[in-house]
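Q: Residue numbers (the working numbering), protein chains in the order written: chain U, 477 to 732; chain Y, 126 to 579.
Treat the hints loosely; a few may be bogus.
Sample of chain Y residues facing chain U (criterion: CB under 10 Å; computed from the structure) [said to hold, decoys possible]:
1. 129
2. 135
3. 200
4. 202
5. 204
6. 479
Source of the hints: derived by calculation from the structure; they are not laboratory data. All values derive from a computational prediction rather than experimental measurement. Here a beta-carbon is modelled for each residue, glycine too, at the ideal position from N, C-alpha and C.
Residue strings, one per chain:
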Amino acid sequence: MSYQAALSDVSYCYDGSFQGFLCCIFESFSKKEIPSAVLPPSEGQTSLFSQREIETRPELARRVAAGLNRLGTAVRERITTGFLADEPGKELVLLRFARLCFERGPSAARMLGDADVAAAFALERSVNNESCKYIEFLRFEQRGTMLGTIIHPRHSILPLLRGHFCSRLPDEDFMIFDATHGVALLRRSGRVCYMQMKQYTPAPDPAEEDWQALWKRFFHALTIEERRNPACQQNHAPKRYWQDMCEMQPDPLPDA
Amino acid sequence: MDLAQKLEILADSAKYDVACTSSGVERAGKHGSLGSCRAAGICHAFTPDGRCVSLLKVLYSNACCYDCSYCVNRRTNDIPRATFTPRELAELTIGFYRRNYIEGLFLSSAVLGSPDATMEKMIEALRILRQEYRFNGYIHAKAIPGADPQLVERLGLLADRLSVNIELPSEASLQRLAPDKQRAGILRPMGQIAQRTAQSRRELAVYRHAPAFAPAGQSTQMIIGATPETDLHILRLTEGLYKKYALKRVFFSAYLPVVPDPRLPATTTKPPLLREHRLYQADWLLRFYQFSAEEILNEEQPDFDPYLDPKCNWALRHPEYFPVEVNTATKAQLLRVPGIGPKSVQRILSARRQQHLGLEELKRIGVVLKRARYFITCNGRAPVRGTRAEVAAALLDPNAFGVGMHQLSLDEFVPTALPGAAPAVHQLADAGMDARQAANLVRQEALTCLTKRL
Chain U
477 MSYQAALSDV SYCYDGSFQG FLCCIFESFS KKEIPSAVLP PSEGQTSLFS QREIETRPEL
537 ARRVAAGLNR LGTAVRERIT TGFLADEPGK ELVLLRFARL CFERGPSAAR MLGDADVAAA
597 FALERSVNNE SCKYIEFLRF EQRGTMLGTI IHPRHSILPL LRGHFCSRLP DEDFMIFDAT
657 HGVALLRRSG RVCYMQMKQY TPAPDPAEED WQALWKRFFH ALTIEERRNP ACQQNHAPKR
717 YWQDMCEMQP DPLPDA
Chain Y
126 MDLAQKLEIL ADSAKYDVAC TSSGVERAGK HGSLGSCRAA GICHAFTPDG RCVSLLKVLY
186 SNACCYDCSY CVNRRTNDIP RATFTPRELA ELTIGFYRRN YIEGLFLSSA VLGSPDATME
246 KMIEALRILR QEYRFNGYIH AKAIPGADPQ LVERLGLLAD RLSVNIELPS EASLQRLAPD
306 KQRAGILRPM GQIAQRTAQS RRELAVYRHA PAFAPAGQST QMIIGATPET DLHILRLTEG
366 LYKKYALKRV FFSAYLPVVP DPRLPATTTK PPLLREHRLY QADWLLRFYQ FSAEEILNEE
426 QPDFDPYLDP KCNWALRHPE YFPVEVNTAT KAQLLRVPGI GPKSVQRILS ARRQQHLGLE
486 ELKRIGVVLK RARYFITCNG RAPVRGTRAE VAAALLDPNA FGVGMHQLSL DEFVPTALPG
546 AAPAVHQLAD AGMDARQAAN LVRQEALTCL TKRL
């Protein structure tokens, strides 16, 4: 570590928001210390070490955000994208990365040989990879005048899907429901909002099932049996995405 | 015949076409139309054979008047025939596209009467899709060899990518197996497309609303293993195509015997998937690693080694080139190290401006060191010192000895050689040996050979 900061055994508790996290960076900066952990409210905040409650103050968050902006897009995006990850300990990784960047400047983002930078990069890559997979694999269903879908991502990737689907379907209304985190991305008449939602269970729709059957038939017709290689298929489309892909569902048993 | 049946027949007929990429053009969506394009391409599904489904890959019609012996759709084959109407095709494309099943349309066709008549119909289908349905997604269209240049021109203004199949790697093979097609008839539209795409690119640089002619360029494909050409011949041809016609991609398709014919390999022949894989590896070396065909193969060794990938093979033949110092080597030098690809090179180059790279740093960067560690030095020191047997074991390509489990019934599994395994493994397994044992045996033998070579 090249910057001036003592490794302290205090852990920060913040409210789980991005603004709150930026305030943690501010706290670490002003106290010249690196905390032993940064804990969102969801992680049972009991530890052997002393804890400090970090208050979320928008004016401080704005100052840190402006600082991150000055460090350029690579640094800023690594932190904003990495923060979408749903992984314990992401805050500390990103905080250490941010401290290093403030010390070394924008080029620190490219120091992949450094442990802190590599960890932040891995976090960013994991989120980006998952959002790319969902851009490929999510399947819309026509529900009335809207398109709707349910996905089960590990990370909170909805903000990363937004740009792609708004550009792709410029005149459509659609909703993407993230069942893992209970959030939905809703686009209606050109406006986008995020909503808290418990569940979304659309009624079965025969016209939609016909489209899915048509797609499945096409999918099966494309397979070349002599080249069958399920391991290769799973490499490209890991099994955890299959629940959201209609062609991967087993055919319903014919009525007896 | 209902639409689902038609779709099944025409998709089944199109499945042997390899090119199914949606890359090469970046286009944002705009109000009033549907769709956008991503330059990197997007795969939307993967079939159980591990190939990606990116586009709605169908034939406009499979009622062919030609009789090419390698093709399922030839006139003399007894299969169900179907033809789309332009509206059906457009509605299918839009319906699938909105549901995020596909990235766009891949339209090819059997020859319906004459090449010109076929092209007219395909153009009409694409025109309806683009102009009436305002479809802004990706379209890949096959130009039919022998069609009028003016029709190719019209097709190119509607499609993002064009392709003309070169079908077989040499003129002699083409004459023998596809008597209705002429090599000149294939190369002429290719030349026209190359020249027109370049012209359109110049026009677009001057005036951004100039009509774009096939902005994602052109590609081609050929069948491997139906005819006796060597790998060197195929690779030289590929390199020539990239240079002369500025192709974006050359695709290879392992020949699957579909009919008994004295001019073709026996119907029991397995598709040469490992050979196809090696050709793709070499194709990558040509496009991204600054290799030339002559470096990868030569007259003494005109075919690929089944057990070693082409880059490893080159490295073993050129020991004078190694080791490479990661902290000072040029980009071209790093690209030649087995196991290091363009992404790793890019990361090494930008990371080493900030810090010295040792083995630990390389691991953190994400460089795969299994093979590379025997060919590099970090700060002048070799990371490991392996015995010849260890080096050989690291270099052998595990794909060549792949064995998977095949499920016979609910709780009964037998090991079987994967389709991409080396021919020797398949031969032993077919002769009745346990697949795992066969793979081990072949691997031991390859290992001994390679150890001696080192």
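Q: Against each hint, give a clear statement of whether it holds in the structure.
A: Hints and how they fare:
1. 129: holds (5 Å)
2. 135: holds (9 Å)
3. 200: violated (22 Å)
4. 202: violated (17 Å)
5. 204: Nearest chain U Cβ about 13 Å off; hint violated.
6. 479: Holds: closest Cβ of chain U sits about 4 Å from residue 479 (chain Y), inside 10 Å.
Of the numbered hints listed earlier, those contradicted by the structure are 3, 4 and 5.
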